[in-house]
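Peer 1: Residue-level listing of the chains:
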Amino acid sequence: MYGWIWRHLPGPLYLRIAEAVVLVVGIVALLMFVVFPWAEPLLPFNNVTTE
Amino acid sequence: MPPRPRPVDPPTEVIPRVEDDYDDYDDEYYDDEPAKDELPPESFGRKAVRGFGEALITMGLVVLLFVVYEVYVTDLLSAGKQEDATAALDSEWSSNVVTPPPADPNRQSKLNLIEGKAFAKMYIPVFGNDWKFSVVEGTTDKHLEIGPGHYKDTAQPGEAGNFSIAGHRVGKGAPFNDLDLLESCNSIVVQTQTQWFVYRVLPMSSEVSGWASNPKSKQAACAGVAPLSTTLGDAYAKTVGQEIVAPTQGEVIAPIPHQVGATVPADKQARLLTLTTCHPRFSDKQRLIVHAIETKSYPVADGFVPPEMTEA
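Protein chains in written order, with the UniProt record's numbering: chain A, 1 to 51; chain B, 1 to 312.
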């Protein structure tokens, strides 16, 4: 998977490194700001109120 | 003396040169090495195993990232929201004309509580003087991201009944991270626009029977802290400093904890404060509950800070 992505990044080496960094940052941001806030309430460890 | 005869050199042995004949070896090991600029042929199995391994590594990284999010990133996000709420509260307090508190310090006009808006500040001096949070109205996930949240329909600060607050223990500012460390008689100070209320943690269940001989009961600061069953009767027998209950036990925030059906007139009820958070830490299996009772109140005045605030 990682190898396949690397082989499909266009451009010379320095450009590929920059592209890879942008991809990683984008995915981390997607997780942090979209996926985790959505998933968190579904997980059983942060309910603090009584019913 | 005749010269000693020189020892005879042994004859030189001729060792045949070792030929560097790697190239001539018919060795499978070397034959297998691929040429530098061409990848070995990929079998389906190889690809599948590698893909599976990479997927596992990726999932591990995502889980680690989630821990970082939960423990650090939510703190940052919540700190911003808490700051906004505090700023809004400060500007409201400074712009409103303050009506002087009524003659009886324990009676006050009702606060106008709006969901999601901060209405009081809370301090726990034993946690250090940087421990302060603005308490918002409401206990949904959205409210608790801002800071500790007041259970709707429970008493207001200083009112008879049970002023109840929920707060996160992990992440989101973790206001109630150390709630388990509170001991009996520790003060919890709540400030509204017009008044300061000092609550003190009630005796723990293990201290109830021996409270009279407990050195804390003699301390002047702890006046008013005593097992409620001795001062207010059996209805309060289950109200102790700390308890751990199931998440379904909403009766801990009833006006008289654990007495849901009881109809006790407001003037016969104690003025309690109840804090709830998750337990054990990192889990929501149970709830950690801390009960405290109001021991003192002061009107808010310029430059005045209750002496309890410097207790450590």
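Rather than coming from a laboratory, the hints here were simulated on the basis of the structure.
A hint or two may mislead.
[Claimed, not checked] Below, a sample of chain A positions facing chain B; criterion: calculated Cβ distance under 7 angstroms: (1) Met1; (2) Tyr2; (3) His8; (4) Leu30; (5) Val34; (6) Phe36; (7) Val48; (8) Thr49; (9) Thr50.
[To be verified] A short list of chain B residues far from chain A (calculated; beta carbon distances all over 10 angstroms): (10) Glu70; (11) Asn129; (12) Lys132; (13) Gly149; (14) Gly167; (15) Gly171; (16) Leu181; (17) Glu183; (18) Ser217; (19) Ala226; (20) Leu232; (21) Val245; (22) Ser283; (23) Asp284.
Using N, Cα and C, we set each Cβ at its ideal position, and we do this for glycine too.
Peer 1: For which of the previously enumerated hints does the structure constitute a violation, in increasing order of number?
Peer 2: Hint check: 3, 4, 5, 10, 13, 14, 15, 21, 22, 23 fail, others pass.
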